[in-house]
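So you can see what is in the structure, the chains are spelled out below.
Protein chains: 2
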Amino acid sequence: MLTTELSEAEVSALRVNKERLAKDLHHSCQWGYGIRWGDGSTDTGMQRLALSEEDKSVRNWFIQTMKDLKCQITVDEMGNIFAVRPGKRTDVPATFIGSHLDTQPTGGRYDGILGVLSGVEALKRMDEMGLETEGGVGVVNWTNEEGARFPVSMISSGIWAECIPLSKAHGLKEVPTVASLPTAASAPETMKSALQKIDYLGSVPCSYKSTPMAAHFELHIEQGPHLVSAGQRVGVVTAVQAYRWYRLNVIGRDTHTGTTAFEHRADALYAFSRMMVRAREVAKSRGCLASVGIVEAKPGSVNTVPGTVSFSLDIRGPETELVAEVEKELRKDFDGIAAEEGAGIGKPCRVEWTLDFDSPAVKFHEDCIGCVQDSAYAVVADAPVADTKSLVRPIMSGAGHDSVFTSKRVPTSMIFVPCRDGLSHHPEEFCSADDCATGASVILQAVVRYDRKRFA
Amino acid sequence: MLTTELSEAEVSALRVNKERLAKDLHHSCQWGYGIRWGDGSTDTGMQRLALSEEDKSVRNWFIQTMKDLKCQITVDEMGNIFAVRPGKRTDVPATFIGSHLDTQPTGGRYDGILGVLSGVEALKRMDEMGLETEGGVGVVNWTNEEGARFPVSMISSGIWAECIPLSKAHGLKEVPTVASLPTAASAPETMKSALQKIDYLGSVPCSYKSTPMAAHFELHIEQGPHLVSAGQRVGVVTAVQAYRWYRLNVIGRDTHTGTTAFEHRADALYAFSRMMVRAREVAKSRGCLASVGIVEAKPGSVNTVPGTVSFSLDIRGPETELVAEVEKELRKDFDGIAAEEGAGIGKPCRVEWTLDFDSPAVKFHEDCIGCVQDSAYAVVADAPVADTKSLVRPIMSGAGHDSVFTSKRVPTSMIFVPCRDGLSHHPEEFCSADDCATGASVILQAVVRYDRKRFA
Numbered sequence: 000m001l002t003t004e005l006s007e008a009e010v011s012a013l014r015v016n017k018e019r020l021a022k023d024l025h026h027s028c029q030w031g032y033g034i035r036w037g038d039g040s041t042d043t044g045m046q047r048l049a050l051s052e053e054d055k056s057v058r059n060w061f062i063q064t065m066k067d068l069k070c071q072i073t074v075d076e077m078g079n080i081f082a083v084r085p086g087k088r089t090d091v092p093a094t095f096i097g098s099h100l101d102t103q104p105t106g107g108r109y110d111g112i113l114g115v116l117s118g119v120e121a122l123k124r125m126d127e128m129g130l131e132t133e134g135g136v137g138v139v140n141w142t143n144e145e146g147a148r149f150p151v152s153m154i155s156s157g158i159w160a161e162c163i164p165l166s167k168a169h170g171l172k173e174v175p176t177v178a179s180l181p182t183a184a185s186a187p188e189t190m191k192s193a194l195q196k197i198d199y200l201g202s203v204p205c206s207y208k209s210t211p212m213a214a215h216f217e218l219h220i221e222q223g224p225h226l227v228s229a230g231q232r233v234g235v236v237t238a239v240q241a242y243r244w245y246r247l248n249v250i251g252r253d254t255h256t257g258t259t260a261f262e263h264r265a266d267a268l269y270a271f272s273r274m275m276v277r278a279r280e281v282a283k284s285r286g287c288l289a290s291v292g293i294v295e296a297k298p299g300s301v302n303t304v305p306g307t308v309s310f311s312l313d314i315r316g317p318e319t320e321l322v323a324e325v326e327k328e329l330r331k332d333f334d335g336i337a338a339e340e341g342a343g344i345g346k347p348c349r350v351e352w353t354l355d356f357d358s359p360a361v362k363f364h365e366d367c368i369g370c371v372q373d374s375a376y377a378v379v380a381d382a383p384v385a386d387t388k389s390l391v392r393p394i395m396s397g398a399g400h401d402s403v404f405t406s407k408r409v410p411t412s413m414i415f416v417p418c419r420d421g422l423s424h425h426p427e428e429f430c431s432a433d434d435c436a437t438g439a440s441v442i443l444q445a446v447v448r449y450d451r452k453r454f455a
Numbered sequence: 000m001l002t003t004e005l006s007e008a009e010v011s012a013l014r015v016n017k018e019r020l021a022k023d024l025h026h027s028c029q030w031g032y033g034i035r036w037g038d039g040s041t042d043t044g045m046q047r048l049a050l051s052e053e054d055k056s057v058r059n060w061f062i063q064t065m066k067d068l069k070c071q072i073t074v075d076e077m078g079n080i081f082a083v084r085p086g087k088r089t090d091v092p093a094t095f096i097g098s099h100l101d102t103q104p105t106g107g108r109y110d111g112i113l114g115v116l117s118g119v120e121a122l123k124r125m126d127e128m129g130l131e132t133e134g135g136v137g138v139v140n141w142t143n144e145e146g147a148r149f150p151v152s153m154i155s156s157g158i159w160a161e162c163i164p165l166s167k168a169h170g171l172k173e174v175p176t177v178a179s180l181p182t183a184a185s186a187p188e189t190m191k192s193a194l195q196k197i198d199y200l201g202s203v204p205c206s207y208k209s210t211p212m213a214a215h216f217e218l219h220i221e222q223g224p225h226l227v228s229a230g231q232r233v234g235v236v237t238a239v240q241a242y243r244w245y246r247l248n249v250i251g252r253d254t255h256t257g258t259t260a261f262e263h264r265a266d267a268l269y270a271f272s273r274m275m276v277r278a279r280e281v282a283k284s285r286g287c288l289a290s291v292g293i294v295e296a297k298p299g300s301v302n303t304v305p306g307t308v309s310f311s312l313d314i315r316g317p318e319t320e321l322v323a324e325v326e327k328e329l330r331k332d333f334d335g336i337a338a339e340e341g342a343g344i345g346k347p348c349r350v351e352w353t354l355d356f357d358s359p360a361v362k363f364h365e366d367c368i369g370c371v372q373d374s375a376y377a378v379v380a381d382a383p384v385a386d387t388k389s390l391v392r393p394i395m396s397g398a399g400h401d402s403v404f405t406s407k408r409v410p411t412s413m414i415f416v417p418c419r420d421g422l423s424h425h426p427e428e429f430c431s432a433d434d435c436a437t438g439a440s441v442i443l444q445a446v447v448r449y450d451r452k453r454f455a
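Residue numbers (numbering that gives the first Met the number 0), protein chains in the order written: chain A, 0 to 455; chain B, 0 to 455.
If we strip away everything but chain A, and leave its shape as in the complex, we get (with noise of 0.2 Å):
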């Protein structure tokens, strides 16, 4: 049977295995489960880090999987895995289905890993029902999608799009986390050196050159309130928001917290803070988001005024133009609070930024966009509502994702399905087997949709 040889009937009539879907997640999630939540055998978080131990046992049990269902392996100089199940005409690139199996430090079970694992059922039953398709079918894990250990998220991608230089991945290092800190903290691995440890610094390069693709489909748990709170079962993604991470330093005076009077210090901890306040108040202002996930505060000691205090900034809003709107206006109020804290010794605190990662607004391209629309239709069409058609939305992302570079090179966009309370990131983090099987019913179809399209 081949894709272009099917019906339209035949086509929505596509459905994953629930079960074997549901079976394949968990068992992966078995490297690197993390915090426990509940009693069930599966109410646990994640805790796997890119390139850790764990990551590199779930990277051979997908690439043995991939190898049962006769996919072509490949492994590039970042680590990124490609399975591809050839199709019938080998002079084309293949259709992508692409996510990653790193973590959050504290992460859960459906971030990024759904998205692979809908790949390896789709692939799975592709080929029980024998069906073939005109282009090659691939599974793509990206690698450190995350960002949590080496912090530039979603780096592999960006430069298998040649938007991030090798170099700068290469000699990235580690960052403290609840996960990461041994090494972390005494002498951090860079993320070449963690590739090669285990095992995964492969020789092919990593470029949308050397690995082409004729599309990139991802399913993602939303990790927001929308579907979930709507009672909507499918978000068709059309675009993902702009977002910016800085690294900053504010610089004061360590001092003694006994004989310090107020007026006498530049406490760079109490700078911070009027900052972070700042931040949530500039950001809402203009409907866009601030937050802090990483701060250090140094020498570290309880009657010591930190003298030096880093911390990272993440800026997101629907349009790029706002980021850069409320960028350009914490960076005159930081200047600000800083000048006050120390003005009084004539030594003010100072603050530095660092641009660590700018990530444009992106539309998702309107072919792959269609697919996964008319396949989101097709898969809850048969639910017990009048308008089946008002489970399925159109959203906007407000997480990067991998889809973001693969965008910029190929055909790409993302299915969402509903997580409970919009959580993510979290070890409680959970999608419903059946919300699961959706999502990855509709990448089934929608890869099937892009092939017949590719060659019609």
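There's no promise every hint is true.
[Claimed, not checked] 16 Å max Cα-Cα, derived EDC-like pairs, lysine to aspartate or glutamate: (1) A:346 x B:427; (2) A:346 x B:420; (3) B:297 x A:295; (4) A:17 x A:433; (5) A:297 x B:295; (6) A:283 x B:295; (7) B:327 x B:351.
[What the hints assert, rightly or not] Stretches of chain A that chain B covers, calculated by requiring three or more beta carbons in the stretch to come under 8 Å of a beta carbon on chain B: (8) 144-158; (9) 181-192; (10) 259-273.
Honestly, the hints are just simulated from the structure, not real lab data. Beta carbons are placed, not taken as given, at the ideal position from N, Cα and C, and that holds for glycine.
We have chain A; now place chain B onto it with these hints.
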């Protein structure tokens, strides 16, 4: 020559050797010198955490120096080192000069070090003069006064005074600072293991009963701006302000920075920031101080809203009751701040307090204060000003010192000398050789006067 046979004029003429004191002090700073701030050979700070290898080296030097002065050495089970120069009478406890040789992770060359070195110099001066005392005179180096590595300050004098149980100290784990991070982050040492490691776990019980004292005098830099800004040379310390140290935890919820609207967050770090801003407001309104020296946000990832923050809080004030009032008000206010953050999702932050240390306000002993005051007047009497007594002032200590604990068991007082800009707990902490010598001459005379008073 015996102290009790000296004339008042002979006592008033006693002076230390300024050059030798400066030389010894900087010699001792070769172990654990810290951040360089100037071109001079001694223009560095200190980084000599308690029970580090550098601390071991300076302890070994101290013991050898005191042995050369024919002192008897006792090391107790907290590693406190007592060096006693015997007096004429051997049936009475010695009068002690004491302070500490450990420093902050980014500390200076005078805090604590000047106190111990002034004792060394006082004994050298007595030795070369052939001056005999009625009771013995000792110098004590107290372990971990700073509380920087092991987070209870003055812990070893506290145990000596039987105000803190030995088990608490022996089990106390080091905390991460810029200097202790490597071990503290992976396998934190306890005080007991650290004492063993550097061979300073003595067998003598740490108690004022086993190692009695007649009195305790301590010379210290002011660590504040009063003396230096008034052009005064000696502070006669009459009291020490009250303070309390707490560790607080704010518990919110880890969640994604990109997809979680502010009203859906229980951001523990944002709550912390508001708390720190509020703490200064409340403390200021009551003439107290509130400071945060340590903050840790978990999980520590750029794109995860921190669900847990722990921080230290140091509240100080001139009266014990005032500190209690600030605490009471902050407990209420912090609960309010926590309750607001996360209220929108019915999962507000909460805050937990642990009192680590409580040091009520202390009044020093009249006899000791009198000896210090008489000595201070005598030492500054040759200054080229009309009213030399105006160079001396009574003063309250803002910082805690080992003298707080010794005062609970034996007559105690302290001497302050000015330091540049009132700065301490900072590499640029500085006290001129003249001021160091003035303070050391005062403590030399004070000990002699106290000896004469005891045996008059």
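Results for each hint:
1. For the proposed pair residue 346 of chain A and residue 427 of chain B, the alpha carbon gap of about 14 Å is at most 16 Å, so the pair holds.
2. Distance hint between residue 346 of chain A and residue 420 of chain B is fulfilled; the C-alpha atoms sit about 11 Å from each other, no more than 16 Å.
3. Straight-line distance between C-alpha atoms of residue 297 of chain B and residue 295 of chain A comes to about 11 Å, which keeps the hinted pair within the 16 Å bound.
4. Proximity of residue 17 of chain A to residue 433 of chain A is assessed by CA-CA distance (about 7 Å); at most 16 Å being required, the pair is judged to hold.
5. A C-alpha spacing of about 11 Å is found between residue 297 of chain A and residue 295 of chain B, which places the hinted pair at or below 16 Å, so the restraint holds.
6. Annotation: proposed proximity of residue 283 of chain A to residue 295 of chain B is violated, straight-line Cα distance about 25 Å (limit 16 Å).
7. Taking the CA atoms of residue 327 of chain B and residue 351 of chain B, the gap is about 14 Å. The hint holds against a cut of 16 Å.
8. Residues of the stretch 144-158 of chain A with a Cβ under 8 Å from some Cβ of chain B number 5, which satisfies the need for three, so the listed coverage holds.
9. Evaluation of the coverage hint for the stretch 181-192 of chain A: fulfilled, as 3 residues show C-beta separations to chain B shorter than 8 Å, against a requirement of three.
10. Counting residues of the stretch 259-273 of chain A whose beta carbon lies closer than 8 Å to any beta carbon of chain B gives 10, which meets the minimum of three for the stated coverage.
The structure shown violates just one earlier hint, number 6.
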